[in-house]
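Just so you know, the protein sequences line up as chains A and B, in that order. Sequential numbering from 260 applies to the first sequence in the numbering used here. Sequential numbering from 260 applies to the second sequence in the numbering used here.
For the record, the hints were derived by calculation from the structure and aren't laboratory data. Check before you lean on any hint, since a few could be wrong.
It does not matter which identical chain is meant; a pair holds if it fits inside one copy or across any two.
In silico DSS-like pairs for lysine-lysine, Cα to Cα no more than 27 Å straight-line [claimed, not checked]:
hint	residue 1	residue 2
1	446	535
2	446	458
3	301	535
4	446	461
5	262	458
6	367	458
7	367	301
8	367	461
9	502	535
2 protein chains.
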Amino acid sequence: MTKTWSTPPQEALRVGPGFDLAALDASSHPGWEHGRSSAENKLEADGNRLSEVQERLYAHGRTGGSRAVLLVLQGMDTSGKGGIVRHVLGMVDPQGVQLRSFGVPTEKERSQHYLQRIREALPVGGRIGVFDRSHYEDVLVVRVNELVPREVWEPRYDEINAFEREVVDAGTVVVKVMLHVSPEEQKARLRERLERPDKYWKYNPNDVDERARWPAYREAYQAVLDRTSTEHAPWFVVPADSKWYARLAVGALVLDAVESLGLDWPPADFDVEAEKARLDAQPF
Amino acid sequence: MTKTWSTPPQEALRVGPGFDLAALDASSHPGWEHGRSSAENKLEADGNRLSEVQERLYAHGRTGGSRAVLLVLQGMDTSGKGGIVRHVLGMVDPQGVQLRSFGVPTEKERSQHYLQRIREALPVGGRIGVFDRSHYEDVLVVRVNELVPREVWEPRYDEINAFEREVVDAGTVVVKVMLHVSPEEQKARLRERLERPDKYWKYNPNDVDERARWPAYREAYQAVLDRTSTEHAPWFVVPADSKWYARLAVGALVLDAVESLGLDWPPADFDVEAEKARLDAQPF
């Protein structure tokens, strides 16, 4: 039998008042008391279920429905965002996934409001949208590196909450995930990228510079979690030193989000019997 | 041991001079002398290989490379285009796939040259682009339903060849696939959509009207194959009454296309040893 959670991740990992990022062990497995192979079995089972409910969501979108899911992925370099996309979102029909990676803004993007490129990438009805990095970079890398003065980034937390309120009111379930990797594990993963020629392409010398600012990033993440984990769009902090745990947890969070929509197959908007007769009447 | 092709699909299914669509049995399995379960094993093996070479292609794109693959999928309703996306492209990392479905042009698209929306959707370097329907609709549905006069659609074959020449010259391997389903199998698949409430959403009454124009569509497809199966961007006609065969064949064609790029892992554009030293020197 497939083993399951002792506490579901939507409870065990949710950021509430008083959450302390520095106190969370990145190698822990909250809510999961079994090992890796049980987790892999559970993820496979969740993937099959996700594939089913995702098809219902897609059908809903194809028949004019506006409900959607948005997964926001944040985390330091090497925290495993790409692996989540590959191994979790890879379990569902590519037609149903709308993926967008946010890098350094282009010149055009810089000339616009920072939420403009985010708005343009929101999932359309019926899709699971995935943001690999997001508008949160505008209060993370931007704050840590002082790319704009405090009076510019400070109001953004409230703006982001208001923006996400709009998104949720329009029918999208927003799931925000921070993949939490320890500095030690990050160092080991960067080392691996430098040791394996098939991983060189993932390495960027700037990652080491950013790493030096770890304490400032932790502070900036803590501020994000304190100020933007709302009732309508909560944060989940996923310990990510064990990749298998992070994938299991994010898979469960996405599945829960799609299931929470409670969608059934859309009814026929045509006369089924009349269409059968029309089809049968054709000579071939 | 995994069974394999007697003739590889890139030979067995390629459209050359004198190809006659009406003479091709949609339930045949050219080049494959084994059954369904051997085909499923082979597709899984091909999928693992595809996942590997696709990652090299993606790495190439991430380091500034411009090579790409474009899979163009055409076929009548129910021919299985969506299933190809789900089961074949679903085997690779969603980050590496750039999928675009072309429906009835929007008002804005209608005001532009018919190739404009196609150009905008071409895969960027490092991606496998997939067109679910394409610019070929502008010489298929448009021709069959006389949406524009002959003097407008007639020159399009040459325009399309010239356009695809540009795409290929820019570094993209173009694989054009027509999924060939028989009228009998199509009728059975439409019937199933009318019998299963979980499939109603896939049914469109217009499909039955289009079906009545089958002979005209066959003629229009024959013209496409006669006039646009070029050396640089050949067509492959895949018998699609057996879904397992169609998926096997398209999987093999896509794998061959990515492998034909002959890409290796990109070299480091930084000093590996210096970076190791920099990383090791950090206190955490």
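Checked hints:
1. Proximity of residue 446 to residue 535 under the C-alpha cut-off of 27 Å is restricted to the inter-copy arrangement: shortest distance 10 Å between copies versus 63 Å within a copy.
2. Taking the closest pair of Cα atoms, residue 446 and residue 458 come within 27 Å of each other only inside a single copy of the chain (14 Å); across copies the shortest separation is 50 Å, beyond that limit.
3. In the homo-oligomer, the alpha carbons of residue 301 and residue 535 never lie at most 27 Å apart, since the shortest distance is 41 Å inside one protomer and 37 Å across protomers.
4. Taking CA atoms no more than 27 Å apart as the test, residue 446 paired with residue 461 passes inside one copy only; the shortest distance there is 14 Å, against 49 Å between copies.
5. For the identical chains of this complex, residue 262 and residue 458 are neighbours neither inside a copy (34 Å) nor across copies (32 Å), given an alpha-carbon limit of 27 Å.
6. Taking identical chains as interchangeable, the C-alpha atoms of residue 367 and residue 458 are never at most 27 Å apart, the minima being 31 Å within one chain and 43 Å between chains.
7. Proximity of residue 367 to residue 301 under the C-alpha cut-off of 27 Å is found in neither arrangement, the shortest distances being 44 Å within a copy and 46 Å between copies.
8. Taking the shortest alpha-carbon separations for residue 367 and residue 461, only the intra-copy value of 26 Å comes in at or below 27 Å, while the best inter-copy value is 39 Å.
9. For the identical chains of this complex, residue 502 and residue 535 are inter-copy neighbours only, at 23 Å across copies versus 50 Å inside a copy, given an alpha-carbon limit of 27 Å.
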